[in-house]
Amino acid sequence: MKPAPFAFLRPAALEEALAALAREPGAKVLAGGQSLVPLLSMRLAAPSMLVDINALPDLGHVSVDAAGVRIGALARHAHVLASAEAAEVQPLLAMALSHVAHPTIRNRGTTVGSLVHADAAAEMPMVLRLLEGSVDVASVRGRRTVPAAELFAGPLESTLAHDEIAVEAFFPALPAGAGVAFAEIARRHGDYALVGVAAMVETEGGEVVRARLGYVSVSDVPVVVDVTDALDDPAGKALADLEPAEDIHATAAYRAHLVKVLTPRVLADAIHHARQKTAQRKKS
Amino acid sequence: MSEQLHDVRLHVNGSVHEVQVPARRLLSDALRHDCGLTGTHVGCEHGVCGACTVLVDGAPVRSCLMFAVSAVDAEITTVEGLTESDGTAQGRLSPVQQGFMDCHGLQCGFCTPGFLTTITAGLRENPDPTEDEARDMIAGNLCRCTGYQNIVKSVLRAAEIERERGGDQ
Numbered sequence: 001m002k003p004a005p006f007a008f009l010r011p012a013a014l015e016e017a018l019a020a021l022a023r024e025p026g027a028k029v030l031a032g033g034q035s036l037v038p039l040l041s042m043r044l045a046a047p048s049m050l051v052d053i054n055a056l057p058d059l060g061h062v063s064v065d066a067a068g069v070r071i072g073a074l075a076r077h078a079h080v081l082a083s084a085e086a087a088e089v090q091p092l093l094a095m096a097l098s099h100v101a102h103p104t105i106r107n108r109g110t111t112v113g114s115l116v117h118a119d120a121a122a123e124m125p126m127v128l129r130l131l132e133g134s135v136d137v138a139s140v141r142g143r144r145t146v147p148a149a150e151l152f153a154g155p156l157e158s159t160l161a162h163d164e165i166a167v168e169a170f171f172p173a174l175p176a177g178a179g180v181a182f183a184e185i186a187r188r189h190g191d192y193a194l195v196g197v198a199a200m201v202e203t204e205g206g207e208v209v210r211a212r213l214g215y216v217s218v219s220d221v222p223v224v225v226d227v228t229d230a231l232d233d234p235a236g237k238a239l240a241d242l243e244p245a246e247d248i249h250a251t252a253a254y255r256a257h258l259v260k261v262l263t264p265r266v267l268a269d270a271i272h273h274a275r276q277k278t279a280q281r282k283k284s
Numbered sequence: 001m002s003e004q005l006h007d008v009r010l011h012v013n014g015s016v017h018e019v020q021v022p023a024r025r026l027l028s029d030a031l032r033h034d035c036g037l038t039g040t041h042v043g044c045e046h047g048v049c050g051a052c053t054v055l056v057d058g059a060p061v062r063s064c065l066m067f068a069v070s071a072v073d074a075e076i077t078t079v080e081g082l083t084e085s086d087g088t089a090q091g092r093l094s095p096v097q098q099g100f101m102d103c104h105g106l107q108c109g110f111c112t113p114g115f116l117t118t119i120t121a122g123l124r125e126n127p128d129p130t131e132d133e134a135r136d137m138i139a140g141n142l143c144r145c146t147g148y149q150n151i152v153k154s155v156l157r158a159a160e161i162e163r164e165r166g167g168d169q
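Chains as they are written, first to last, in full-length UniProt numbering: chain A, 1 to 284; chain G, 1 to 169.
These are computed hints drawn from the structure, not numbers from a lab. Being a predicted model, the structure only gives us computed values, none of them experimental. C-beta atoms are modelled at their ideal positions from N, C-alpha and C, and glycine is treated no differently. Do not take every clue at face value.
Unchecked claim - Derived Cβ-Cβ restraints for the label pairs, each shown as a range: (1) 87/G x 7/A: 42 to 50 Å; (2) 264/A x 91/G: 55 to 63 Å; (3) 85/G x 150/A: 53 to 61 Å; (4) 109/G x 144/A: 47 to 55 Å; (5) 133/G x 275/A: 26 to 34 Å; (6) 155/A x 166/G: 50 to 58 Å; (7) 85/G x 57/A: 32 to 40 Å; (8) 107/G x 42/A: 23 to 31 Å; (9) 46/G x 153/A: 19 to 27 Å; (10) 149/A x 3/G: 39 to 47 Å; (11) 19/A x 131/G: 47 to 55 Å; (12) 23/A x 46/G: 24 to 32 Å; (13) 133/G x 42/A: 27 to 35 Å; (14) 251/A x 88/G: 52 to 60 Å.
To be verified - Sample of chain G residues at the chain A side, in silico, Cβ under 7 Å: (15) 61; (16) 70; (17) 140.
Use the sequences and the hints to build the structure in full.
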């Protein structure tokens, strides 16, 4: 239960970090480390070098404007969760973040790190996909923006090149007429979800014109299902697209059962949220 | 092959510890083996059990999920740093420690350092928790002896002691 040896660098400038990653093909970025360090300790990963980005300046921000929420690579989950402005502009952030591990882990773990760790059992990668957000990545070749739909390649695998650092994530604001909801079942609050579901619906004149659902822990990549045409049986539509798998935590049949139970509940909550938000806007 | 060592200056419980460690030295191991502070216990070593929880700049963090080389800029508080000074050599138990003693909040004591640090920070944020909030506060820590009931009582008792002591200072 001790990591294999690695070289260590703690640069004070982003350029220095990017140059090191470009030089060292076996290097890995260390941000919060709450997912990476267990992998190292269990020797499921053995990078030749860790580039610790915790001393880099200007990456700890959570900036909010009308377009959405921008989260820097060093913003801890706890910091994002504590931002009332972020929760106002995009309520799904706080709804989902309160389910991300335990507070002690959220004090150190970073939201951007969780995104590029690309765990299908984690809440935030799915939330980014559902909200159609993006991640800005930097390398010695420059910066580019990766839309969430192109970010996830496979289990624990993002499409980032080995020498790229995700520097910022963008979660779009909740549009007018839209609503969101989140629910998950875990053995203990804060543990990995057996199944987690988020919904985003868009309404016009009170009618649902678009409805999408995101799932945690039912596929090997963060997955989103469009149920706009299946509002009377959203779980049926979702299960036609999903293939829940069995592991030590739950059987495939139990996961499918949870999808059936949670899907209509979360969808109804999101529709209710959309109507509530619309009523609030009319009042103000 | 000898592994490269890094000079690391750790700030723990108000003291400075200059240690030489390989990059892969977990903060939990550095505290125990290099600083000699064996109050921090190591349980699962992958962030699940909470026994190794220490305060990093006041916030509870798993010391098994941090490397010592990453802790250079931080002020670390371990269970040894919770005791309050009252002029005597031993000092006086902190409200959380006293609460555990009053309510039989520990049996074997292995998980206790992680609970004490977590609750110390938790009460700073919420000095007057309900029973449900006390449960939530300790949800990330495992205890195999007590069944948690007495730990929940200890959290509430600690809040009470904190208020009592606040009065006489």
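**Request:** Starting from the hint list further up, note which numbers the structure goes against and sort them upward.
**Result:** none
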